[in-house]
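Just so you know, the sequences run in chain order L, R, U, X and W. Under the numbering used here, think of the first position of the first sequence as 2, with each following residue one higher. Under the numbering used here, think of the first position of the second sequence as -8, with each following residue one higher. Under the numbering used here, think of the first position of the third sequence as 92, with each following residue one higher. Under the numbering used here, think of the first position of the fourth sequence as 92, with each following residue one higher. Under the numbering used here, think of the first position of the fifth sequence as 302, with each following residue one higher.
Keep in mind that the hints were calculated from the coordinates and are not lab data. Do not rely on the hints blindly, as some may be mistaken.
[Unchecked claim] Cβ pair distances, simulated, as ranges:
no., chain 1, residue 1, chain 2, residue 2, range
1, U, Pro449, W, Ala598, 53 to 59 Å
2, U, Lys427, R, Arg205, 55 to 61 Å
3, X, Leu274, U, Ser93, 53 to 59 Å
4, X, Glu219, U, Ser116, 47 to 53 Å
5, X, Glu219, U, Ala450, 32 to 38 Å
6, X, Gly105, U, Arg323, 50 to 56 Å
7, X, Asn352, U, Pro449, 53 to 59 Å
8, R, Trp54, L, Pro324, 35 to 41 Å
9, U, Lys427, X, Leu274, 42 to 48 Å
10, U, Pro449, X, Glu219, 46 to 52 Å
11, R, Arg205, U, Ser253, 23 to 29 Å
[Said to hold, decoys possible] A few chain U residues that don't get close to chain X, going by computed Cβ distances all over 12 Å:
no., residue
12, Arg99
13, Met211
14, Ala367
15, Ala368
16, Ala369
Where a beta carbon is used, it is the ideal one built from N, C-alpha and C, also for glycine.
Residue-level listing of the chains:
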Amino acid sequence: QGAIEVMHHWVAESEIEALSVIRKGVEAKGFQWKDSAVGGMSGANVQQALRARLTAGDPPGAMQFLGWEGVQWAEQNVVRDLNDQAKAGGWRNALPPQLLPFLTAQETFIAAPINMHRQNWVWANKKIFDDAGIPIPKSWPELIQAGRKLKERGVIPLAMGDESWQVEVIFDALLADLNGPEFYRKTAIDLDPKALGSREMVKVFDMLREVRGLVDANFVGRDWAVATGMVINGQAAMQVMGDWAKGEFLAKGLKPNKDFYCFPTPAPVTSFQYLIDSFGMFKVKDPAVQKAQIALAETVMDPAIQKRFNLIKGSIPARTDVPVDEFDDCAKLAFKDRAEAIAKGGMIGAMTHGFASRPEFAAVFGDVAGQFFVGTMSSDEAVKMLVQGIENAR
Amino acid sequence: MNASRQSSRLAAWLPRLVVAPSLLIVLVTVYLFIAWTGVISVTSSKFVPVYDFVGLEQFARLWATPRWHIAVENLFIFSTLFLAISIGLGLLMAILLDQHVRAEGFLRAVYLYPMALSFIVTGTAWKWVLNPGLGIQKVVNDLGWATFRFDWIADPQMAIYTVVIAGVWQSSGFAMAIFLAGLRGIDNSVIKAAQIEGASLPLIYRQIIIPMLRPAMLSVVVLLSYIAIKSFDLVLALTNGGPGAATELPSTFMFSATFRRNQMGVGAASAVMMLMTVAAIIVPYLYSELRERNNG
Amino acid sequence: MSTLEIDRVRKSYGSLEVLKEVSISIDTGDFLVLLGPSGCGKSTLLNMIAGLETISGGEIRIAGRVVNDLSPKDRDIAMVFQSYALYPTMTVSQNIQFGMKIRGVPKAERAKAVQAAADMLQITHLLERKPSQLSGGQRQRVAMGRAIVRQPRLFLFDEPLSNLDAKLRVDMRTEIKRLHARLGTTIVYVTHDQIEAMTLATRVAVMKGGVVQQLDEPQTVYDRPANVYVARFVGSPSMNVIPGTLRVEGDKVMAVIEVQNRPPATISGIGLSRDAAARYAGRPVLVGIRPELFSVANGQPGTITVDIDVVEPTGPDTLAVFQLGGVEVTARLPPKQVEAGTATMLAVDTSKLVLFDPATENLIK
Amino acid sequence: MSTLEIDRVRKSYGSLEVLKEVSISIDTGDFLVLLGPSGCGKSTLLNMIAGLETISGGEIRIAGRVVNDLSPKDRDIAMVFQSYALYPTMTVSQNIQFGMKIRGVPKAERAKAVQAAADMLQITHLLERKPSQLSGGQRQRVAMGRAIVRQPRLFLFDEPLSNLDAKLRVDMRTEIKRLHARLGTTIVYVTHDQIEAMTLATRVAVMKGGVVQQLDEPQTVYDRPANVYVARFVGSPSMNVIPGTLRVEGDKVMAVIEVQNRPPATISGIGLSRDAAARYAGRPVLVGIRPELFSVANGQPGTITVDIDVVEPTGPDTLAVFQLGGVEVTARLPPKQVEAGTATMLAVDTSKLVLFDPATENLIK
Amino acid sequence: MAEAISTLPSPSPAPGSGRVTKTDETPRYNRAWIGRLFIYATLIAMAAAYLMPLWVMVTTSLKPLEEIYGGSFIGFPQNFTLDAWRVAWSQACIGTECTGLKPYFVNSLLIVIPAVVLSTGIGAINGYILTKWRFPGANLVFGLLLFGCFLPYQAILIPMARTLSLIGLAGSIPGLILVHVSYGICFTTLFFRNYFVTLPDDLTKAALVDGAGFFRIFWSIILPTSIPIIVVSCIWQFTQIWNDFLFGVSFTSGAHSPITVALNNIVNVTTGRKQYNIDMAAAMIAGIPTLLVYIVAGRYFVRGLTAGAVKG
Ligand SMILES: Nc1ncnc2c1ncn2[C@@H]1O[C@H](COP(=O)(O)OP(=O)(O)OP(=O)(O)O)[C@@H](O)[C@H]1O
Ligand SMILES: Nc1ncnc2c1ncn2[C@@H]1O[C@H](COP(=O)(O)OP(=O)(O)OP(=O)(O)O)[C@@H](O)[C@H]1O
Ligand SMILES: [Mg+2]
Ligand SMILES: [Mg+2]
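So that you can see chain L by itself, here it is in the shape it has in the complex (with noise of 0.2 Å):
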């Protein structure tokens, strides 16, 4: 029937196999599938071409969202909505409520979820955990301190790279951690100044300072998946990461809670932070093209899709109402944890991959958690600097 060009970013080996789940589901109705991959740079490549594509008045069928992007090109009138979907789908109820604010633009659908990952994990080594006697901790100050007798011991305590991106996980996780979910909504998604320069924050970077003195110097340039190696392999004890690690453990026939850990990152209240990849579909002319578009939105909100989709991709479905008996011990968790968090006020987006304040306010927290990991900034000063440059993106 009609042919569908789907834009996205998924180029790993987890990825594609996940993303030919949702091919086949509408190849299955029918219709054709354009795969339009561009990967790298956290999907700046892909913004980059898809900007590149509307300003030329050429969209793709339909696009993989991240973050704000969805609601931005609803803002500039180019992408379809999904409202006829939605309502006989029953998308609102089957939905967190908290993931509305990035599917839908002055009360309409723009994008359809077909999963959740959450970013605030810790993956550990059991063995290295069982060896040193060390609890899983249960507050940051724990975490250190069971690094540091780690260390003691000749292992390295966290497994991770320098990139941006990796110590803002990390970031992110101290922001919700230390000081509550509240603060991190203050901070991370309203932008109060007054939260922004206030002691907690300070804290915040304290407390950074210290996971850095956890890392060894070979970090620069190392991949996550690299790290986690580490962590399977023995070398490090823990690395904090989004769930997409577990393919890691899974792929070497590791089980949960028997070869290795994975707990949230510790709080009093623990969050979950999470993030979603979304489809959205452009305006388009072709009726073949909005035909397919339907089949795809369909496809991505089946829950039997959703099910075999996270199961492949190592997250978890974006509706809460598929079944969890095939998933494994750590998604188990997180089917929990995710309850336990949408009643609870635990939600929260990360601000890693865009689910918190927009693009040009995310980069500032990035570019400051970045910089003082990596260097010799005091929090004050890194504080300061963040003040600033929340102030300077207005």
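Fit chains R, U, X and W with the ligands to the supplied structure of chain L, relying on the hints for placement.
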């Protein structure tokens, strides 16, 4: 008579007609687009272009961004060192290659090949080579010199120098090629004359031949400055601007401002700054070049 | 005393033999010109004297000392190159004193030497210019200045005038001649221009294919060329070499030459040793007559009548071209005496006429 | 009939005036040589005749037809360039027939024309070579071949011999002369070599700074140069121009010239119109004496005694350089008659002596 | 002069006098071989340094992935395998299309060949006009063209996209070719102009007198003599266009993408796992054409540069 007069008219206009499309293309794709960038830099454009007028606000914002300061400072450090070292190495290689060495063709190809490869991937190889735990430092440490440190890439103060190293690796072969070409054009009898006067070979090179390479030097300087100013994938692949923002350059800044941070106006402002820098270098060069040509 | 002795010197590039056992020896104060066509090995020989090329065989001695393995700077020579080889980035003054600077001559002394050389060559006003701002003749003078300040035992010149235009060439030639007279140094000078060789040399070595054909005083080379090659190479227009037959009648030696459409011409009064005359009597010879040995005759006996083909007035003279003995012959005559297409009677000055053996092409003595 | 008329032609590059009202007219079969120093505008004028440069003012007519706005190919001309401008990627044969090919001449005809030209120029064995495989003289012939096959009304030559070495230059000169005689075409020929001009031309236009100084037959230009500039430019060695004073005693016209360290010399027997003699009597004049007008005197009256500075034997002649009237004077004498450093008595052939006005430097008629 | 001669050091017996020395390029004087040793040592050391990244790439591409993640980044492969090369060429997934680099390789050829030919051709004719058919303002035109070489391309993506859509070439290979050509002519015009300046004007004049016209002279006379600079222009343009990512990703999509975009999709993984061996193999596959061009025509590159770009 008249017909032939007309045909000679046509003949007079033909060159202009033939060159006109090129000129038109360049007027649009270079100058019109520069003008457009200039316009955007005085608007409040963020995600997509908007055409309002906000004065020099974006420039003020640009100069209030610490990352931009780092970028400008880095550009200065990077281009100075990159030029100096590339020229020095290129000249050395060219001079040595000019000594009737065997396998000159092979060596020349070795020095030139980095130009041919995209940095998208050679960047990864460089990352490993420079990584203290994997590359040079580890090799030297393993060989027994345990205190040897070469961890610039991890050090925000030093990381920009690793970009210089990679840049030199990529471009010094090009400088070598131009210098070699220049050396080949030098009259042999000048060297003989200096030999008879008792000058040693190093002295001959220092005092006579290198000064004679001035035209080649000029070309190298201009082309390398151009490479330095446009360096983009070099940085992205090697350090992605990090650690922190330690290796940010104006070109990477411009890209991330426009496409990652949704600050199109700031991106345009930085582009305008870059263009002005380029013009400051290129226009005088062009002027002198063209004037010289006219005389000669 | 011999300043320069070239003793059975050979040079090969791989299997290509460029110089074959060249031996030349000259005295202090001599002006030796190496004359020969392009590619005959002149520059190679000069470069070997200078130490810029290795010697494949034989010896070169300067002032009695073997220099085969001496580096150029230790040979006490100075060289002026065809392209002048001025250092383009230095001023004239810096060019001239570069060598002294290298040898560590104090500044004051250098300045004095530069001044002296510049005065002698009249380039004082040019001292601060760069070579690119000089005309050909001026560059040539600077190159000479650079050589002069060296005060070498031996000057080497490699075709220093060939880049100049005709007029300037004549001027600079006189200049070099004067310089030699003033300095009295020994000079080896390479050229393929025989006029330069004639006017400048005290000794000319005519070369061909890496072999010295004749080494003699210039006028001797001109008047008594060792073979047809030298005869033809030296002199402009070339010597006419006309096939004929030698006739000996008692003491009188005559050459008989075929003339187109006319009875053969006889040139009598040729001076030849009795011995040689006997050997070649009645046999074919090559008769060498320089163009200026012809003159328009007024019906005296012993003249030749020819049909003039082409007339080329050069100003002071007129060149007349005609056929004689089956070859094209040029005569240099005073202006306006002949016209193309007319028959003319010509006399020959036999005192300077030479004869060659047709087989060996060598001079019959 | 006039084949070429150049009528008050001007040329400016921007504000630089390169040619100033040049008027020249020549007849069919004439061989016009444009003679002048580098940069005087010769090539510019030639290019304007060819249609390769626009004309800033005036008219050029070929065979009576104004060609100012005609493209080169319609002017019925052929041109030989200084650098020969052979097409480097084509063989000799292709080079020669390129123009015909463009004009659509059938292949067979082209081949015939090429063969004819090659035979005439003796380059048949070179037809399949590339220009880079040819010697200078051969290239020159190919360039001529390319021009000949065109069979134009007008041949243009731009310094075709200046890239050749001395020997070849002489040969090719004769070749061109012969070609002109054979083809009978009209030729315009640019050179800065006065010997070429003298030997080749039927008409010489001496130019300086974009102005024609004299347009005449070559011997006239040589014997009666219009001004000092022409006198000096034509002839090698140059005409000696010596300051002196004119003395008129009745019918006898004499020039008095200062001699260093000796009493003044008087040259008598100068032919001058009564009118001119009257005008210049007792006033300073410039005396023009060609080097060949001197001869060694045997004590006759009216001779000049001088101290010879430099002697340059050229082979057929010897050049003697000495001081006269405060300037350097060159005499061309037979070989071996004088020696440097000696005092010599010289006679002057006054029949060809010329006088110039010191103020205007023009010939006194 | 006389003093100069008398103060000469007395001749000392020269070593090895009279010996027949071996033929050599230049005369060999004392300790020349130390210099040669130094020259070769430096050149070889430098070559080794230059080859190091290539060495890393080659060895990595021959290792199984596990070995790399096991910590062996640099060093000789223990388990030698060519799998990575095969996968990169024909199996690696670019998005959900697991075709390897092969089709994109073809795309790049489809882009690079017309773009190189066009930009070289246009540059040649521009250079020809700017040197042999100069008109008032020719220098200005040249200056305008030349400045285009120095444009930072990141700044013009958006207006270029708009322009391409206006002329209906958005998202197509012809559109991308047009972009490459329009910025390429800046460089090629520079190369050809500087080369043609050195060709004698007489050549054009002779052809004019022979009756050839504007195009005929260009085609029959000028082009055949410009092989060296054509080679330089082609090498330069080939490298630039083949290695371009920015324009490729902006102005084409999906199956039309050039090889660099595909390569980027293989290499540039953020939240996935990197397959270094395939990355390196892919990178080298992508680099082979340019490397070949450099090695085969590298000699002309240096020679042509002398003629083209350097004359200052
Ligand atoms: N480095 C070299 N290798 C091989 N052959 C050479 C080399 N240098 C010169 N020759 C050859 O040696 C011969 C003599 O060369 P040389 O330069 O001495 O000639 P020349 O008499 O100076 O000629 P010209 O008047 O053209 O300068 C030539 O045939 C030349 O080709
Ligand atoms: N295109 C041009 N623009 C400006 N000036 C020019 C141009 N072409 C020639 N000239 C000037 O015009 C004058 C005459 O040049 P032309 O080439 O006619 O000299 P020429 O007599 O042929 O000299 P030569 O013997 O060196 O060839 C020179 O001063 C030259 O600098
Ligand atoms: Mg030579
Ligand atoms: Mg000229």
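Results of checking the hints against the structure:
1. U:Pro449 - W:Ala598: 53 to 59 Å: About 57 Å separates the Cβ atoms of U:Pro449 and W:Ala598, which means 53 to 59 Å holds.
2. U:Lys427 - R:Arg205: 55 to 61 Å: Given range 55 to 61 Å: holds, Cβ gap about 58 Å.
3. X:Leu274 - U:Ser93: 53 to 59 Å: This hint holds: roughly 57 Å between Cβ atoms.
4. X:Glu219 - U:Ser116: 47 to 53 Å: Taking Cβ atoms as reference, X:Glu219 and U:Ser116 lie about 48 Å apart, which means the hint holds.
5. X:Glu219 - U:Ala450: 32 to 38 Å: holds, 36 Å
6. X:Gly105 - U:Arg323: 50 to 56 Å: holds, 51 Å
7. X:Asn352 - U:Pro449: 53 to 59 Å: holds, 56 Å
8. R:Trp54 - L:Pro324: 35 to 41 Å: violated, 56 Å
9. U:Lys427 - X:Leu274: 42 to 48 Å: violated, 26 Å
10. U:Pro449 - X:Glu219: 46 to 52 Å: Cβ of U:Pro449 to Cβ of X:Glu219: about 35 Å, so the range 46 to 52 Å is violated.
11. R:Arg205 - U:Ser253: 23 to 29 Å: The hinted range 23 to 29 Å holds for R:Arg205 and U:Ser253, with Cβ atoms some 28 Å apart.
12. Arg99: holds, 30 Å
13. Met211: holds, 16 Å
14. Ala367: At about 25 Å from chain X, U:Ala367 clears the 12 Å cut-off, so the statement holds.
15. Ala368: The claim stands: U:Ala368 keeps its Cβ more than 12 Å from every Cβ of chain X (closest is about 26 Å).
16. Ala369: holds, 31 Å
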